[in-house]
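Following the hints, put chain Z in place on chain G, whose structure we already have.
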Amino acid sequence: MEANVIKTFNKDVEKAVINYIKGEQPRKVINQPSKAVRSGLVNNEKEYTEYLNEFAIKLVSHKLKQSFEPEIPVIQAANAIEEIDKNINILYERLRELYTLYYPEAVRKVRDAKQLARLLEDPERKEVSKKLRITSKSIGYEYGKEEFEMIEEFADELGDLIELRKKLEDYVTMKMKKIAPKLSELAGPMLAARLITIAGSFKRLALMPSSTIQVLGAEKALFRHLRTGAKPPKHGIIIQHSSIQKAKKKDRGKAARKLSNKISIIVRSDYFENP
Amino acid sequence: MITLKTRENPRFSGRSGTRSRASENRKFPRGKDKFLREISKGIFRKGRNLYTKSAAPGTRVYDERILKKGRSEFREWDPRRSKLSVAIMKGLPKVPINEDSVVLYLGAANGTTVSHVADIAFNGRVFAVEFSPRAIMDLIFVAKDRNNIIPILESAFHPKNYKGLLEPVDLVYQDVAQKNQAEILIKNCKAFIKHGGYAMIAVKARSIDVTKKPVIVFKEVERKLRDEFHIIDKRRLEPFKKDHMFYLLKMK
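As they're listed, the protein sequences go chains G and Z.
Its first residue numbered 0, the first sequence is counted upward by one per residue in numbering that gives the first Met the number 0.
Its first residue numbered 0, the second sequence is counted upward by one per residue in numbering that gives the first Met the number 0.
Chain G on its own, in the form it takes in the complex:
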């Protein structure tokens, strides 16, 4: 019986939602239970509740579809990159530590995670020494076959993670160039993505004053300043930009202010030209 009622609703509700969005449906019937019963839309108040529930869920689903913005997956990807970076660092340190015990001379020559992952595709001493041209005898412990297998697996995973990071970065770069071409040109696609991530959405970044953009990512310091009167932060995430990196320490505040001015102008032009 109950399932029947809901079924008949389904068809009507769909129509009613569309009418409601267009503004055609006499809205009074929906928002008054007694009238809804009298008009024959539903039989009693319990049914009215069910009807309204169906109606609202359909309406929200419809609106949700429309609320999609192209930057939403980009924000997730940019967050993922940050998290993967942390993970790569932790795993890299652990793998270094693990391999140092076996072959310290080799590890001393390794500079970054990517190099280490590639080097340990075959972790045995004779292979590694060939690749790094080490001639002296090692002072490390001896590892067995099981350890080599484990290290190989570990290095493999680390290499995959580095590759994933690269793919995500490519995706974010490509997308940012489409969504905000001028901002990507000025700030670089990765910094642009980070700015949008911290602001919450492209629209919110576009509506921000440049003084806010200047300290995006330095919220802790900013609120410390507001609360206790400590020194205000000179720059937030935009410190990653090369023009601020290059500036002398005493000019960094100025550089940050000017850059954020330009960013706020350009992000508006990007957003409002093709929203």
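Everything labelled a hint here was simulated from the structure, so no lab data went into it.
Since the model is a prediction, treat every value here as computed from it, not as a measurement.
Among the hints, erroneous ones may be present.
Said to hold, decoys possible - Far from chain G, by Cβ distances over 10 Å, these chain Z residues were calculated:
(1) Leu66
(2) Lys67
(3) Arg70
(4) Asp77
(5) Glu182
(6) Arg225
(7) Pro238
Said to hold, decoys possible - Here are the in silico distance ranges between beta carbons for each label pair:
(8) Ile89/G <-> Ile38/Z: 46 to 52 Å
(9) Lys247/G <-> Glu221/Z: 47 to 53 Å
(10) Gly39/G <-> Phe140/Z: 27 to 33 Å
(11) Phe140/Z <-> Ile71/G: 16 to 22 Å
(12) Gly57/Z <-> Asn260/G: 55 to 61 Å
(13) Asp159/G <-> Asp99/Z: 56 to 62 Å
(14) Glu82/G <-> Gly57/Z: 33 to 39 Å
(15) Glu221/Z <-> Asp111/G: 54 to 60 Å
(16) Lys251/Z <-> Asn88/G: 58 to 64 Å
Stated by the list, open to error - With a Cα cut of at most 20 Å, we get these calculated DMTMM-like pairs of lysine to aspartate or glutamate:
(17) Lys57/G <-> Asp144/Z
(18) Lys193/Z <-> Asp226/Z
(19) Lys223/Z <-> Asp208/Z
(20) Lys45/G <-> Asp99/Z
(21) Lys193/Z <-> Glu44/G
(22) Lys113/G <-> Glu123/G
(23) Lys45/G <-> Asp169/Z
(24) Lys45/Z <-> Asp62/Z
(25) Lys62/G <-> Glu153/Z
(26) Lys82/Z <-> Asp62/Z
(27) Lys57/G <-> Asp11/G
(28) Lys143/Z <-> Glu13/G
(29) Lys143/Z <-> Glu46/G
The C-beta atom is built at its ideal place from N, Cα and C for all residues, glycine as well.
Chain Z alone, transformed into the frame defined by chain G:
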């Protein structure tokens, strides 16, 4: 599954171990109820915990603990997840919700507190307004299990946008943590509340003004609220929520 402990149950007799923990939380009253007891319409208490009778047995909203008694299920109302739960635990004198209540809930978020309100008002309706698309995705699934929840994707600052769905309500509950949250409450109450209806608001001092002391912020909020409401009760939500004040109001 948790079984109800009875007086005959030997596990229940030794309570020396709990004493030290009780003294740490002295500010927080420990319930004397050893069994489920209805402390307000639809709200139950056992020991320190609050429960509502589930309107959708067999489902969970936020991995809460469930107490089974016969055929019915009682869902634990976690004070770390719900400000209303804290306020009730800290002794709110009256919870103006009963089984037929029509509630307007502003700031519904993922539907944790909403689900409990809907449990209490199982014969009424809960209009749950939330502006974040992400949060309302979770809320929709709660609303599918409890058909007295009516989700609305709108900003609570513009009541006219959802006027077409709403009837006059008995209670407006607001938890939005916005700078102008008092104005939002007043606006909605003027638009929707029945004569003599109640309102509840959880004020977060830190979202109104981080630079001022919470006590001063609360005073300012109270001044605004007094124009429209009688303040029946107010409660700080420590230790679960920092710098929050919970008000129970009645329309003038």
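Hint check results:
no.: 1; hint: Leu66; result: holds, 27 Å
no.: 2; hint: Lys67; result: holds, 24 Å
no.: 3; hint: Arg70; result: holds, 18 Å
no.: 4; hint: Asp77; result: holds, 25 Å
no.: 5; hint: Glu182; result: holds, 21 Å
no.: 6; hint: Arg225; result: holds, 28 Å
no.: 7; hint: Pro238; result: holds, 22 Å
no.: 8; hint: Ile89/G <-> Ile38/Z: 46 to 52 Å; result: holds, 48 Å
no.: 9; hint: Lys247/G <-> Glu221/Z: 47 to 53 Å; result: holds, 51 Å
no.: 10; hint: Gly39/G <-> Phe140/Z: 27 to 33 Å; result: holds, 31 Å
no.: 11; hint: Phe140/Z <-> Ile71/G: 16 to 22 Å; result: holds, 19 Å
no.: 12; hint: Gly57/Z <-> Asn260/G: 55 to 61 Å; result: holds, 58 Å
no.: 13; hint: Asp159/G <-> Asp99/Z: 56 to 62 Å; result: holds, 58 Å
no.: 14; hint: Glu82/G <-> Gly57/Z: 33 to 39 Å; result: holds, 35 Å
no.: 15; hint: Glu221/Z <-> Asp111/G: 54 to 60 Å; result: holds, 58 Å
no.: 16; hint: Lys251/Z <-> Asn88/G: 58 to 64 Å; result: holds, 60 Å
no.: 17; hint: Lys57/G <-> Asp144/Z; result: holds, 15 Å
no.: 18; hint: Lys193/Z <-> Asp226/Z; result: holds, 17 Å
no.: 19; hint: Lys223/Z <-> Asp208/Z; result: holds, 15 Å
no.: 20; hint: Lys45/G <-> Asp99/Z; result: holds, 11 Å
no.: 21; hint: Lys193/Z <-> Glu44/G; result: holds, 18 Å
no.: 22; hint: Lys113/G <-> Glu123/G; result: holds, 18 Å
no.: 23; hint: Lys45/G <-> Asp169/Z; result: holds, 17 Å
no.: 24; hint: Lys45/Z <-> Asp62/Z; result: holds, 19 Å
no.: 25; hint: Lys62/G <-> Glu153/Z; result: holds, 10 Å
no.: 26; hint: Lys82/Z <-> Asp62/Z; result: holds, 17 Å
no.: 27; hint: Lys57/G <-> Asp11/G; result: holds, 11 Å
no.: 28; hint: Lys143/Z <-> Glu13/G; result: holds, 16 Å
no.: 29; hint: Lys143/Z <-> Glu46/G; result: holds, 15 Å
Checked against the numbered hints above, the structure violates none of them.
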